[in-house]
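Single-letter residue listing:
Number of protein chains: 2
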Amino acid sequence: MKTKILALSLLILMTLGSLYSQPAESSLSTDSLTLMPWPQEIEVEPGFQIIDTDFRLAISIVGGETKAGAGSRLENASTRFLRYLTDKTGTFLKAGYPVSGQVEGATLLIEIEEKAVLELGNDESYELDVLANKISLKARTDIGALRGLSTLKQLISVQNGAFGFPQVKIKDNPRFPWRGLMLDVSRHFMPVDVVKRNLDAMAFVKLNVLHWHLSDDQGFRVEVKNLPNLHERASDGMYYTQDQIRDIVTYADERGIRVVPEFDVPGHATAILTAYPEYASNLNLRYSLERNAGIFDPTLDPTNEEVYSFLDTLFKEVTPLFPDAYFHIGGDENEGKHWDENSQIQRFMAENEIPDNHELQTYFNIRLEKILSKYGKKLMGWEEIMTPNMPKSALIHSWRGVNEGMEPGESLIKAVKSGYHTILSNGYYIDLMLSVEDHYQVDPMPEHELTQEEQSRILGGEATMWSELVTPLTIDTRIWPRTAAIAERFWSARDIKDLDDMHRRLMATSQKLEGLGIRHIQVREYLLRNIANYKDTGALSDLVKISEPLKIYTRNSGGTQYQVYSPFTLFADVCTPDAVDVIPFEKEVTAYVETANESDPVALKEYLGKWATIYERLLQIEQDAPLVGPVLPYAKRVRDVSTLLLEGLDEGKLRKKDFVVIQDLLQEKDDPRQNLDVELAVKDGILDLATFLSDK
Amino acid sequence: MKTKILALSLLILMTLGSLYSQPAESSLSTDSLTLMPWPQEIEVEPGFQIIDTDFRLAISIVGGETKAGAGSRLENASTRFLRYLTDKTGTFLKAGYPVSGQVEGATLLIEIEEKAVLELGNDESYELDVLANKISLKARTDIGALRGLSTLKQLISVQNGAFGFPQVKIKDNPRFPWRGLMLDVSRHFMPVDVVKRNLDAMAFVKLNVLHWHLSDDQGFRVEVKNLPNLHERASDGMYYTQDQIRDIVTYADERGIRVVPEFDVPGHATAILTAYPEYASNLNLRYSLERNAGIFDPTLDPTNEEVYSFLDTLFKEVTPLFPDAYFHIGGDENEGKHWDENSQIQRFMAENEIPDNHELQTYFNIRLEKILSKYGKKLMGWEEIMTPNMPKSALIHSWRGVNEGMEPGESLIKAVKSGYHTILSNGYYIDLMLSVEDHYQVDPMPEHELTQEEQSRILGGEATMWSELVTPLTIDTRIWPRTAAIAERFWSARDIKDLDDMHRRLMATSQKLEGLGIRHIQVREYLLRNIANYKDTGALSDLVKISEPLKIYTRNSGGTQYQVYSPFTLFADVCTPDAVDVIPFEKEVTAYVETANESDPVALKEYLGKWATIYERLLQIEQDAPLVGPVLPYAKRVRDVSTLLLEGLDEGKLRKKDFVVIQDLLQEKDDPRQNLDVELAVKDGILDLATFLSDK
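The listed protein sequences derive, respectively, from chains F and U.
Residues are numbered in the working numbering as their position in the first sequence, beginning at 1, plus a constant of 1.
Residues are numbered in the working numbering as their position in the second sequence, beginning at 1, plus a constant of 1.
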């Protein structure tokens, strides 16, 4: 292996001198590198630095004193780096911590110029130079050094039977300054440890904003001492104490991640009104926490002066918990039903010449902006806040797209042309259970004529993890690994977009994330054991590899199939987008079809043969495992389709009658599967194969 | 299955009327029950209550108002119960929370008389009555009700393809009031989430004391605002904030678990002296955190009045964090070397007529008891504090045994005969990597003539999880499932001791613990993936099933093979006591030997055949997985032994020469395996088989 790498690297050196960027076009020398996000500039040298027990890490502040403690953020990150290296490679380091005052002898020398205060626009650039027995990591700020340490962690790999670092020169910096993940902790509460381990993973792929969706119809998740009903009556006892919030914000800061809280008003307010119904637009309702999913009517009354006192009290208490300059007030999906029905509100609008609900909400938002400004915060909100009178200082969060009857990026373009700064989430809704390819191909910068200035107003984007169908147990399986590819879209050059190479690196990144404590792999194995009630999980596992959860909003149609307390330990919860057998199976089908059946399709038969046995294998455990029951009708159809195709392959063609049967089996839509909620992800490949065999 | 259960149950009803306790002697009707700890009285009825969507839970305070909120401890535990049931069984409950004021329609009615203040000696008794479509859970206190809910969780099982509860009548209460788990968070720090999930598991098996070992030579783990050097200089940045401590204490209280903190003095004080070296008995040393394991010399100076001011300041600040009456001051393993060497201390002893170091430590302890008493705390300490002048109010923690040159239980008997209350940890050192059988057969009540009063002074016991070789990643694999069997020893009747039945129930309990979030199963799979570098883990997995980590203190001889920052992601870390193939393999050997080789030993050959392939399978992944390298010499010996035995079985006998070779392979002691640190757990079975074949 070493020889091959060396030879290839030499070849490249001779022909190209050095090699920059774009892994897809240079797979010869970078196919051993699995970095994600891909750096802006990377030069691969021949050679490999083996990690041994003498590996030593030192930190230096250029122009300052030379010591280990160059600020706790970098020192702690360096210790975590050493621990990651140790656990991954099994190396017994002699120096388990960053060494002090021994810069000369260091294997890895980290040099920074200053410790930054975390904020939008921090210098995150770094330069990394891996030589035969030295590594230099230079950055202007400690935050840049953190990004470089993430790269270095990702470089750990195996050559010739040993762990080490490939020799590379990297110059790197982000394309966009705002690279976020939104966590919805209202619909399903996410305990501190869930948030923390996801912050670790975010840092690993260089995301730098945790957008924390803290209130919605299903729960208000923050302790508010001056408004105690909020956490006492509107959280089912599941909320963050202020101590816990400070703990998480500190944890994020240590990783160079800003925390932007969201308190969603005036809509999505059922929880707030459960606590304080006197601020509702409809005072005749009895409010209680929403248990279903959807868009609901409870709304704050923007014409009630007490509402602003209430929000002032709330913001006054919570804004100090969040040091970041930005504060998200939601503002989405208020359909104004209760405003229309309230004669007092209608009178207020008439008296104040407010023409419609949009402008009433603008009136509300402008009042909020003044309050937030008093507490040193900049207002941001979902795109609905962008009404004609909204001040240009507001940050517009673009989210709607074809699912909401809009063009993709429509509000984003409108925002920057109107003079707003903006970030994009449309296209990055990871709760929709779409393929990573769908998200990866969305760019925050639209294919639209924009001036340089307009372009500069696009700050970046955020993946959004809405949690209607996600629990603390399953959330890692929903966020990762797909979000790593989105993180690359936010960090790397626009032309880093080869899908095959993305998949290759994403697979490796997924494995590395497990080393950081992300549970996306382990939880799926546990869920299979739970479904199989600790009997053999082999058949379920085979079925998971070809099944994906229903996409967009079809799994929970009407929002009432699942309540917040429903089980999310079902077969659909084990399944993820990008089921692993899909791409290899489809390649086999293509190869078979293209060669017109000239050779025996061994691999195809193996797939189909395996699928044909799933149903019978499930029957063997069904009696001991009640959760297997609901899977059986689906497994039976998979068996029937597979069996027919196997016969077709054996005979070299498929009878028309059987082709129709296969079509029927695949199209079955009204199947009362109820709790299964998955789709057969190899359906296209199967139809291609069936069509080919049938046409012959 | 249902028919069988019914028939058996009817049989029992006819013959016995009802059936009490002792699962081993009544396996006919209780072999579907996997409760652990086993209840004091249990009557199994025919029938099974199927769990369906209408399952409703209500709480009632007898003689009080009837409402859902019978105090947050029980209400929250009830909600957790419903969530556990939902996740386990996939049931879409209509009522996802305890219902208010609807006692009549409840499936499960929980009735309590009072909400208890958590303390030693709480009434933890409960009565559980599962009928065809009703469940009654009655307890005097909410803590008793919590214990009953744990039992009910454990009763969830499958009959006839459906989840439900077997019909049982249970009357239950603990044998001992003090049932603890000690967590050492000094040698390896354990973050909040590790502690919390282990509290969940403790509650599940009815343990009720978390003994939190918070300081030692390797780290001081508590934020102390008035003595900030402690957490700032003596923790490597890994400590609990006071907010986090309050969070954990509340979390434990919600589960009916007392928290007893330990601050270990005057020995085990390297961390304290790293922070405040002026309190040392040797003022000439430069103290820094200990990185190795062992017994070290740094000791507080008991003749220095400032030391008592320091401890007063410390205890004044930390005692309010821990509401429990007991406070553990350690007091163990002080060998007094620095006392002997300090002329000022020697002079003090002479002046005050203190004859030896033991009495000097008593002087120290008595001073501490006065300080603690001021803050409302009772002193407890390891058995070394039991010197002639020690007040009888102290609680003696008995821990030494044969490994320390003492008789098992020696100090326990001495303590109760001297008038002290005591708890036992000798025999429950789960860090020693012994079989669960070893721990299970140790009873806190010694086989020694004791008066009723003396017996009553034995309050219970504690399993101890010392963390020299344990990290946050692996700790679950070390604590569970073995501690469930120790919990049974502390709770259940003395005569519940059948080993086969314990193993049967322990296996089921292990699986149930995964549903509570314990990671003991998942982490081992992850570690195998890490060792195999995400290549096939099959061969490693087969090897793990016959390998156990070195026992007692042999893995880390001298305490210097591993530092606190060494890797604990090695093959030995995946292995656990009670390797799963050992008992079944040994049964096959016994059967073969006893039938004198009359039938073809198919199962034996399968085991040996599998083991014979491990080495070659490992070779296939070695180049990509450097951590496999150190495993190879061991795997090779396993292959060689297995191959010789397979030949022996085929030929019906083993040549003397080969027998000697096998003996040699098994006895190899000086093997430079370095980082492997395991033993072949099927060695006895292999030797038996080899001997039998060789003797023929």
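Please note: incorrect hints may appear among the correct ones.
Note: identical chains are not told apart, hence a pair may lie in one copy or across any two.
Capping the alpha-carbon separation at 25 Å, the derived lysine to aspartate or glutamate pairs in DMTMM-like fashion look like this [claimed, not checked]: (1) 197 to 318; (2) 89 to 543; (3) 536 to 32; (4) 657 to 46; (5) 317 to 454; (6) 552 to 194; (7) 697 to 201; (8) 197 to 515; (9) 611 to 623; (10) 536 to 587; (11) 552 to 405; (12) 95 to 469; (13) 657 to 579; (14) 139 to 120.
If you're looking for bench data, these hints aren't it; they were derived computationally from the structure.
Predicted, not measured: the structure shown is a model, and the values here were computed from it.
Evaluated hints:
no., hint, result
1, 197 to 318, "within (23 Å within a copy, 28 Å between copies)"
2, 89 to 543, "between (29 Å within a copy, 22 Å between copies)"
3, 536 to 32, "between (39 Å within a copy, 18 Å between copies)"
4, 657 to 46, "neither (58 Å within a copy, 58 Å between copies)"
5, 317 to 454, "neither (34 Å within a copy, 60 Å between copies)"
6, 552 to 194, "neither (28 Å within a copy, 33 Å between copies)"
7, 697 to 201, "neither (54 Å within a copy, 62 Å between copies)"
8, 197 to 515, "both (14 Å within a copy, 21 Å between copies)"
9, 611 to 623, "within (19 Å within a copy, 29 Å between copies)"
10, 536 to 587, "between (31 Å within a copy, 24 Å between copies)"
11, 552 to 405, "within (15 Å within a copy, 63 Å between copies)"
12, 95 to 469, "between (48 Å within a copy, 17 Å between copies)"
13, 657 to 579, "neither (31 Å within a copy, 58 Å between copies)"
14, 139 to 120, "within (20 Å within a copy, 56 Å between copies)"
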